[in-house]
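Student: Following the hints, position chain B against chain A.
Chains as they are written, first to last, in our numbering: chain A, 1 to 406; chain B, 1001 to 1659.
Since the hints were derived computationally from the structure, they do not count as laboratory data. What you are looking at is a predicted structure, and each value in this text was computed from that prediction instead of being measured. Backbone N, C-alpha and C fix where the C-beta goes; we use that ideal spot for every residue, glycine too. There may be inaccurate statements among the hints.
[As the list claims (entries may be wrong)] Mimicking DMTMM-like on lysine to aspartate or glutamate, the simulated pairs with C-alpha atoms at most 25 Å apart in a straight line are:
#1 B:Lys1381 - A:Glu163
#2 A:Lys305 - B:Glu1411
#3 B:Lys1629 - B:Glu1578
#4 A:Lys288 - A:Glu318
#5 B:Lys1465 - A:Asp214
#6 A:Lys309 - A:Asp397
#7 B:Lys1480 - A:Asp217
#8 B:Lys1453 - A:Glu160
#9 B:Lys1292 - A:Asp62
#10 B:Lys1381 - A:Asp380
#11 B:Lys1453 - A:Asp62
#12 A:Lys88 - B:Asp1379
#13 B:Lys1612 - B:Glu1557
#14 B:Lys1459 - A:Asp210
#15 A:Lys309 - B:Asp1454
#16 B:Lys1265 - A:Glu102
#17 B:Lys1218 - B:Asp1252
#18 B:Lys1449 - A:Asp209
#19 B:Lys1453 - A:Glu123
#20 B:Lys1459 - A:Asp170
#21 B:Lys1449 - A:Asp93
#22 B:Lys1453 - A:Asp210
#23 B:Lys1453 - A:Asp307
[Said to hold, decoys possible] Chain B is nowhere near these chain A residues, computed Cβ spacing over 12 Å in every case:
#24 Gly8
#25 Ser12
#26 Pro16
#27 Lys30
#28 Gly79
#29 Leu111
#30 Tyr122
#31 Asp171
#32 Ser182
#33 Met187
#34 Leu213
#35 Phe268
#36 Asp271
#37 Gly284
#38 Lys290
#39 Lys334
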Amino acid sequence: HVVRKFLGAISSHNIPVYLIDPFVLELIDKDIEQIRSSPDGPIPECKYFCAPRDFTTFALLDKMWKHEASLFRTAEKMGFQWLKIINKDPRLDGIDDLSGIEIPLHYIFKLASHAIHLVVFYERSGNYLWHGPLRLKQRLDRKFVPFRKLHFGRYPGAYEKPELLLVSIDDLKVQIPKNPSSFLEEMSQSRFLECRYREARAFFQLYPDDVSLDAVDFRKKAKSLLHLAASTLNSLGVKFWLSSGTCLGWYRQCNVIPYSKDVDLGIFIRDYKPDIIPAFQKAGLLLKHKFGKVEDSLELSFQGKDDVKLDIFFFYEEDDYIWNGGTQAKSGKKFKYIFPKFTLCWTEFVELKVHVPCETLQYVEANYGPDWKIPVKLWDWKSSPSNVQHNGVWPVDEWDNVIQIY
Amino acid sequence: MDEWKPNPTVKPHKKRSWYLAWKYKLMNQRALRKLCQTGAILFLLVTVIVNIKLILDTRRAAYEEEEESAQDYDDEMLNVEVPRHPVSNKKILDVEVYSSRSKVYVAVDGTTVLEDEAREQGRGIHVIVLNQATGHVMAKRVFDTYSPHEDEAMVLFLNMIARGRILIFTIKDEGSFHLKDTAKNVLKSLGSQVAPFLSWRDMWTFVGKKGGEVYGEKHAKSPALSTWGDAVLLKTEVHLTSVEDAECHWPDTELNRRRKRFCSKVEGYGSVCSCKDPTPIEFNPDPLKDNKVFDVPVAVIAGNRPNYLYRMLRSLLSAQGVNPQMITVFIDGYYEEPMDVVELFGLSGIQHTPISIKNARVSQHYKASLTATFSLFPDAKFAVVLEEDLDISVDFFSFLSQSIHLLEEDESLYCISAWNDQGYEHTAEDPSLLYRVETMPGLGWVLRKSLYKDELEPKWPTPEKLWDWDMWMRMPEQRKGRECIIPDISRSYHFGIVGLNMNGYFHEAYFKKHKFNTVPNVQLKNVESLRKDAYETEIHRLLGEAEVLDHSKNPCEDSFVPDTEGRVYVMFIRMEQEADFITWTQLAKCLHIWDLDVRGNHKGLWRLFRKKNHFLVVGVPASPYSSKKPSSVTPIFMEPPAKEEGAAVVPAVAAAEQT
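The following block holds chain A by itself, in its conformation from the complex (with noise of 0.2 Å):
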């Protein structure tokens, strides 16, 4: 069988691999408990391996990688046609003007009707593994396997680091996501948004950046206090977005907007969690206010600990849009921020792997207009935002629920 030869190829080759193939883990997922108590059990048949299928998907760490050449040079006596698919290394795209040297993101070996995906995974600043968009050059043979079924390389993902076990199916060793419904889970919201390094370098070009001091200091603190937020709210298992400011530095200027004074992140009224103020209390913020309620026009804000502060919205889904609310402290005004729908992409942002909406643009143009390559230093949450709405006001007798300042 052609992965029982792919494997024999590697192993002689001393690489180390792992399955990560979705509809072959989602058999062994299934056996999930009987293949770990016995990890020698005699399985008769061929039960995951041999499942009609065009490809089988493996995983490559690049760390572990050298030596490319002799493993082509084998699989080819063994009979496999290979392609490798490469390009620019993003990790170097955000670096002024260093060439970007061309890593390989994809092997491919065929031998018959089937074929060996690998996929190799880079490790990137924010201690998580990402993988590279599967794009075919013109030279390159578009026949060579039903690209449009693999299941890896439509866009770039990210991954966390996975634990590994190693197992024996189908009388084969390979090693396999400790937890492959949870790969599973993790694979189908993998897709992942470079930076737009070009467009933010254009962007310093004609605005240069602040260097002073106080510009330095403030990203420094904005930076730790993020790492914070997403350390507290991943260990909640809450999942959040750069929203508002935060979101605009990242997706126009790749960086912090030193004037910006906070940190902005969106959450989905559906994850809130009753322990979210508890946690980041426990790591150090104070809440500072607390308005709307969980029904209604959600939002938190947190003193960090060196005086920048952290803004946490909560979203609201509707059947064709998605809102979050504002409170005007002394007057009891409501405001609505309305946005278009939007999907969660992961991306990279001052070396931490966070997420944003996939339809950055069109959630950037709702929140900040048609300007907002254009910096505005001068900002009134209640008044410059492009969909801001007004949304009534509190009744009186809720007040003392609704605005709650510390």
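Tutor: Coordinates of chain B only, in the frame set by chain A:
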């Protein structure tokens, strides 16, 4: 176009079904109209036919799309491969060589491969080496043989060229004043008839094969001392040999394939391209036991000095405990030859588009290289930073492995450096000894990621600042009172003599006599005593034990230090406040150590060796160690020399900074 797009892939078949639905809807509407207006039957028929045709067309288009099923996987970039060197079957090369006072050029088959008409540079003998099979330029050098010793460098270079290569020579301005007989004889042995008689301001061109025929030579004598010979233009033909003949026949291994690629492209690297007995390009030094720096990335900062880079990488790859996978060479500019060297050794290299000028350019290159290093190795807590003009000691990684934990744990440390600014042959002695110093020596050092990411990178000097990165790093705003750990005997050796801040005189005076450790596996002594507080205890112990030298004697004289070995001596010099280095600078000058600025001090204390004795210098009263001075001793004061004397040194320094 490979611009970022929020949603670059739209499924074509989805688009199609939407289109059909719309089409059918339209048809239904028209069917309704038919019921009401029977007179329009004809019109409807036409419509139907048109629609059927449209549907068929759409289907066919869709089928064609299916054919290109991987369409949305296409790279948006149009990638047309153009062979860099058009392959010609021509066996003869036309070569044109021009020599004159103000301009030289060389054209091969009509392509200019050398052109130099810049004023006040490029003087001397220009040499070009061509591959005898392909005609490609393999090396290009200029030797300013008007100046001393350049002819020696030329001889060295010519001796390294493989037999059979085609050599082209041409003189710009003047090339004979310091062209000694040895060099003339080498040129003669290449077949030149004129070389032995080349004289003042003669013009000369020569084309020949190393160890073979002469393709042409032209010469114009200078008629008088004050004038130049007439410009000469040599036009000749060179017969190419077959590729087979031009290559060596090494066994076919991965290493030799790299070697072959390198040797068919560039020249001037000597035995690495020798057919008979090529020097190794893989070194496999002994691994280090318990190597704490095996996973620390190594950034090699390089410019366009490929021969230096070659020497540097050889020594680096020979150092015990080296991990080639962690090495990245950052080349400042799109230079091919340094990249060829990097590939020869199987390392990875990254080129950097040059921005800004001179010092600022180096500084921007440093920033990009450091950022890239931490981005490529996101797990790294440190990076080793090296430059292309350093030799690396065999125990470089062993030295770092034994000391790196200090940098991790002691926040009062700024760096670990392999270089002791004051470690000369006559002032350094103990390979196992380390110091703490307030200055940052550079030249092979370890940078902490947090220092770079949190402090240095965000405020790194912008290109228009035109600052030296190392000077900037030494400024108090950056260093913030932190210190570096250095060895007594340096673990790097600065061999570069052509560089931004370098020239021959400067190198001779300040770098040549620098001591460099060649002993493997040195066990460092008492590493824990380098921690902040422990070091103070150590210094007090040393000072307690030290014998006070006779302050009535001249400290510059050899007899100032007794003829002993292994003792500890102390002297006290005048130092009114922290920044008063008047006496120290004079002392450094007469001891022939680094005196261009203050290096190697720790709280007004300098540590070095004299006559194999540990020699301590304390600045009184600024140093906290002044209390160790016996009341009977008057600190020595040395005045700067009168202006005329100083003038001898100043121009040299100025020159060094300008070149």
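Student: Between lysine 309 (chain A) and aspartate 397 (chain A), does the CA-CA distance stay at or below 25 Å?
Tutor: violated, 28 Å
Student: When you look at the beta carbon of tyrosine 122 (chain A), is every beta carbon of chain B farther off than 12 Å?
Tutor: violated, 9 Å
Student: Does the no-contact call for leucine 111 (chain A) survive, Cβ to all of chain B over 12 Å?
Tutor: holds, 20 Å
Student: Please work out if lysine 1459 (chain B) and aspartate 210 (chain A) have their alpha carbons no farther apart than 25 Å.
Tutor: holds, 9 Å
Student: Need the status of pair lysine 1381 (chain B), aspartate 380 (chain A): alpha-carbon distance at most 25 Å?
Tutor: violated, 41 Å
Student: Between lysine 1453 (chain B) and aspartate 210 (chain A), does the CA-CA distance stay at or below 25 Å?
Tutor: holds, 17 Å
Student: Run the C-beta distances from serine 182 (chain A) to all of chain B and say if the shortest one exceeds 12 Å.
Tutor: holds, 23 Å
Student: CA of lysine 1612 (chain B) to CA of glutamate 1557 (chain B), is that 25 Å or under?
Tutor: Holds - the C-alpha atoms of glutamate 1557 (chain B) and lysine 1612 (chain B) are around 16 Å apart, at most 25 Å.
Student: Quick one: work out the minimum CB distance from serine 12 (chain A) to chain B and report holds if it exceeds 12 Å, violated otherwise.
Tutor: It holds; serine 12 (chain A) is separated from chain B by about 16 Å at its closest Cβ, greater than 12 Å.
Student: Has the given pair, lysine 1449 (chain B) with aspartate 209 (chain A), been kept, meaning a C-alpha gap of at most 25 Å?
Tutor: holds, 23 Å
Student: Would the pair lysine 88 (chain A) and aspartate 1379 (chain B) pass a check requiring their Cα atoms to be no farther apart than 25 Å?
Tutor: holds, 21 Å
Student: Check the hint pairing lysine 1629 (chain B) with glutamate 1578 (chain B) against an upper bound of 25 Å on the C-alpha distance.
Tutor: holds, 17 Å
Violated hints, in rising order: 4, 6, 10, 17, 20, 30 and 34; the structure is consistent with all others.
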